[in-house]
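Enquirer: Work the whole structure out from these sequences, hints included.
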Amino acid sequence: MDTTSDSRPVPQTLPSGIRRERQGDLKIFLGASPGVGKTYRMLETAREVHREGMDVIIGLIETHGRPETDALCEGLEQVLPLQIEYRGAHGWEMDLDAILNRSPGVVLVDDLAHRNVPGTRYTRRYQDIEELLEHGINVWTTLNIQYLESLNDMVARITGVRMHETVPDALLSAARDVVLIDLTPRELIERLHRGKVDVPEQLRVVFAGFFSLSSLAALRELALQTVAERIDRDVREVMQNQGVTGSWPVWTGVVVAIDGTGTSDEVVRVGWRLAERHHAHWSVVFVDPGDTGPERRVKVERAFALAERLGGETLILRGHDPVAELLSFAHEHNATTLVVGRSRRRSLAGMVGRTLTQRLLRQAGEFEITFVPSSAAHERHWHIGLLYLGPARYYAFALAVVMAAVVIAATIQPLLPLANLSLVFLTGVLLVAVRTAMRPALFAALVSAAAYNYFFTEPRYTFAIHHTDDLLTVAFFLIMGLIGGQLAGRLRNQVLALRGTNEQTQALLSLSRRLAAAVDVPTVYREATTAIAEYLHVPVVVLAPGESGQLTQAAASHKGQNLEDKTRSAAQWAFDHRQPSGFQTDTLSEIAWRFLPLAIEVECFGVIGVSRLGEGTVSSEQLAAIDALVSHMTLALARTTLATSLEEAKMAEETERLRSALLSSVSHDLRTPLASMIGAATSLRSLDHALSADDRCELLDSVISEGERLNRYIQNLLDMTRLGQGALKLERDWIGVDDIVNAALRRTRELLRGRQLVRHIEPNLPLLYVHPALIEQALVNVLENAAKFSPEGGEVRIAATAGDRELLITVSDEGPGIPTEQRVKVFDMFFTGGEGDRGMYGSGLGLAICSGMIGAHGGRIEALPGPNGHGTTIAIHLPRTEPPAHDNEDRG
Amino acid sequence: MNNNTSAARILIVDDEVQIRRFLRISLKSQGYQVLEAETAAQGLVLAATQSPDVIVLDLGLPDADGETVLKQLRTWSKVPVIILSVRETESEKVVVLDAGANDYVTKPFGIQEFLARVRNVLRLPGSTAGADVGLYDDGHLHIDLARRQVSVAGDTVHLTRKEFAVLKTLITHPDQVITQTQLLREIWGPTHMRDTHYLRNFVGKIRQKLRDDSDEPRYIQTEAGVGYRFINRQPD
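First to last, the sequence lines map onto chains R and C.
Reading the first sequence from the start, the letters are residues 449 to 1340 in the working numbering.
Reading the second sequence from the start, the letters are residues 309 to 544 in the working numbering.
No lab work stands behind these hints, which were simulated from the structure alone.
Any given hint could be a false lead.
Over 10 Å on every C-beta distance to chain R, these chain C residues come out as not near it, computed from the model [as the list claims (entries may be wrong)]: (1) Glu-324; (2) Gln-326; (3) Ile-327; (4) Leu-343; (5) Leu-352; (6) Ala-407; (7) His-450; (8) Gly-462; (9) Glu-471; (10) Phe-472; (11) Ala-473; (12) Arg-526.
Residues from chain R shown here face chain C by an in silico Cβ test under 8 Å; the list is partial [stated by the list, open to error]: (13) His-583; (14) Gly-584; (15) His-1116; (16) Ala-1128; (17) Thr-1130; (18) Ser-1131; (19) Ser-1134; (20) Leu-1135; (21) Asp-1143; (22) Leu-1147; (23) Arg-1207; (24) His-1208; (25) Glu-1210.
The beta carbon of each residue, even a glycine, is placed where N, CA and C say it ideally should be.
Expert: Next comes the structure, spelled out in structure tokens:
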């Protein structure tokens, strides 16, 4: 139940309101037992509304031949029942399809719980009715309270009969109206005697048991209660829908305090019932002063487990004063009610008003407090509780300290007055308190007082005290010892408690930091499993859905974690239902693992499993810590998944961009040479007579060179495809630089016509170990660009030199040059540097292909300003490869 | 000798050397004078200084897009413009035609088609050669624009006012493409410039009345996605 101070409609309640508007409405005439007159009343009401003009028909009414009921059916349209043959006998069932076809406003169908004769569409009549409702037809029906599923146990107890034809409670909840037909048990029995009741087969056998006064009275009460609960819910829904908070007190919270004694379970149950009744949020807290023994702890865990099963929140509060902690918690959480177990009888403390009960009553004025009584049997647990003294070694330590104190006191006795010797013992007590626990410290105080008395007060070596002032000394020493011991002990406990919390926080913090830095899902899994395994010292495993959709191990803290089938199915269950499974849960609690779903909103990434070492329980604080770690992990998973999706989206966008660029490039760069070819060829053909011989030659040259250009472009496209697919296999060979340069120049001779070609190839350059065709192609592309952008008569310079590690080939032109900011981007595919559909430099593919091919050889290509600062130089760096050592030529 | 061949100056604005080459050769062989520009900027300068009679403008220039060039040109010149374009860019063609271009050729194209366009465009009133198209008679179809009379194979044809207006627009620019938007704007005003389906039906009706609605219309030719063209079938 959601409790918010905001009175706007809360989502849990709205959907049922909305659903009703789409489906037909169900009206149930509910009765405590057969014979109270449900069918009769239904028919009466139906006739009334029919008279007012509503379209009411009878779907199926069981009159059992009674004339009064028959009479009521007159005047209402009836759908003839279907006759069904089953095992040689005839049965009559409601004709669902006929009613659907008729599509009335309201249809009356008797006996919601009826089991249909086999041969009809559904086994149960309520399913027929559900279908009617789905088609928007309103249905009125009758039901006996004993057929409600949730009451099956109770009815069996009351009447001795267990009903088999049960109806799911959901139907009752979903019904718009529930009309209670009430009859006192006496009246009903009277009617029975008068033969006015039709008794179902099942009940005839146990007639007496069912139709006894007490049974009927109990059933009547059940029916009344059910309807009363419904009324409450109905009203509340209406009020919530209208945003009215109502005049009833707003119950916001119940806080249940347990102390780990025998009554804790009962206290939890009382708290739950209270919370349920008022539909309030409830929490169960245990105040831990720091010295709780293992037995008490187990009881607390058990009570917590019960609380969680019932739907409450559980918390451990740390502090030495239960009342103070409880009240501060209750204040913080806006609780209105406290539920506590009645404190044990402590008459001594009671006299000074210091029992828990008394203190609560005094200090918790604004809360409602419920004290849960404890029976005498539980009192005994108190004694056992007190007996938890702590490890024996603490007492041995205390004894040793006291003895040391005696020795020291004896030694310095000549120097100090008697009274001051007590300070030595006091020091001892404090030492014990700080090093061990409170009770050993108190023991030490007592023993010290005794020792002080025995060894140092007159008369010595006796427990008698002769001097009054000595007596006072001892007495005051004892008091100081007790107080000091208690204080020190308490302090120690707090420190221990803080340390525990600190560890937890540290674990959480460290995991958070590591998760924040994780960039992908496997890292998140790894970090989380490591962190949790470190914190708990148990194996941890993460299962995530693999490609096939099945859960597979995605990470494990310890290698070789093989999970059994049962464990796997627990993991699968946790994944499917988004709920924890395994030990200390409600599902498959006998296995040695606990699985928590890694879910956020609608997405579930997988499950994380925590193993249990041995038979011990994992404390609820640790479980809470695990939950916190897991929620961090889930957030990190969500983040990294989003990051990956973003990457993929960007990739997809980039791919799309390249694709459209490719398409427009193909369209343009293929068409242009073709246009020239076709234009030239058609000119040759049509205008032959008007053309001079030179003209004809030019046109033919045009056709040829444009054809070659087309070829180059297609080659570029193919190369690009191969580069992209990684299908470029380098078939290296030894080849001289000048050979490649010459080949490239041959292919671009036409293009370079009209430009001044200058060659500076160094002599004796080492051989290149490359795929010749590719390097040649790269060079051709570069030359093409140089030619395109060189002005008429401009210089195109090609040079090659060798350094220690690489060979350098440069091609320079005197064109417009490439702006600095474009010098890197110009090698991207389909880079458009200027306006218009084609960029200035690089028609899209040329330089990108160069870059790809040179790169495949381990070299690099860059764009630089030309010589003298203007124009462009393209520099190709290729790594030097040493030729294999030749055999010495003069081998014999 | 009519004016439209001798000394007519044609300016070619295209960044592709090869295209300029064959255009130049072909046009020169027909007696035209040819000017060449590689960029839009260059083209505009030459258009301003050399007063060409026709401008052939490529839409794929690196330094400007066709529409901008046209608009700029049209602020100070009515020189006929033929645009060179690629098939996909229908919408761009329409935009440029509406911005003031007179006709277009799609790459790759045969030289004859191109030359025909040039000739056609030189017959326009805006060029040095004039033409009077008040009367059309090719032996089958007879149109008298002044008296608003149309007859086909001797039979009188009744066209509505709007139908006649469309026919008139087409026929006063014979062999030239008129964009859909142009027709719609002229006849129905600026608000109907997007009702191309309406125009389609309309033209269909005109064709019907002219008895020219077979699969291959002889007179009114559809330029898909762009507009319509009236084919002049008068003997020269």
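Enquirer: Under 8 Å is the threshold here; is the Cβ of Ala-1128/R close enough to any Cβ of chain C for the hint to stand?
Expert: Holds, about 4 Å.
Enquirer: Once the closest CB in chain R is found, is it more than 10 Å from Ile-327/C?
Expert: violated, 5 Å
Enquirer: So, His-1208/R near chain C? Judge it on the closest CB pair being under 8 Å.
Expert: Since the shortest Cβ distance to chain C is 28 Å, the answer is violated.
Enquirer: Let's test the interface hint: is any C-beta of chain C closer than 8 Å to that of Glu-1210/R?
Expert: Violated, about 33 Å.
Enquirer: Against chain C, is Arg-1207/R within 8 Å by beta-carbon distance?
Expert: With a minimum Cβ separation of about 24 Å from chain C (threshold 8 Å), the hint on Arg-1207/R is violated.
Enquirer: Are all beta-carbon distances from Gly-462/C to chain R longer than 10 Å?
Expert: holds, 37 Å
Enquirer: With 10 Å as the threshold, tell me whether Glu-324/C passes as away from chain R on beta-carbon distances.
Expert: violated, 6 Å
Enquirer: Would the non-interface assignment of Ala-473/C survive a Cβ cutoff of 10 Å against chain R?
Expert: holds, 37 Å
Enquirer: Does the interface hint hold: is Thr-1130/R within less than 8 Å of chain C, judged Cβ to Cβ?
Expert: Thr-1130/R check passes; min Cβ-Cβ to chain C is 4 Å, inside 8 Å.
Enquirer: Was Ala-407/C rightly flagged as not at the interface, with every chain R Cβ beyond 10 Å?
Expert: holds, 17 Å
Enquirer: Classify the hint on Leu-1147/R as holds or violated, based on whether any CB of chain C lies nearer than 8 Å to its CB.
Expert: With a closest approach of 6 Å, the Leu-1147/R hint holds.
Enquirer: Min Cβ distance, Asp-1143/R to chain C: is it shorter than 8 Å?
Expert: OK, holds: Asp-1143/R within 8 Å of chain C, min 5 Å.
Checked against the numbered hints above, the structure violates hints 1, 2, 3, 13, 14, 23, 24, 25; every other hint is satisfied.
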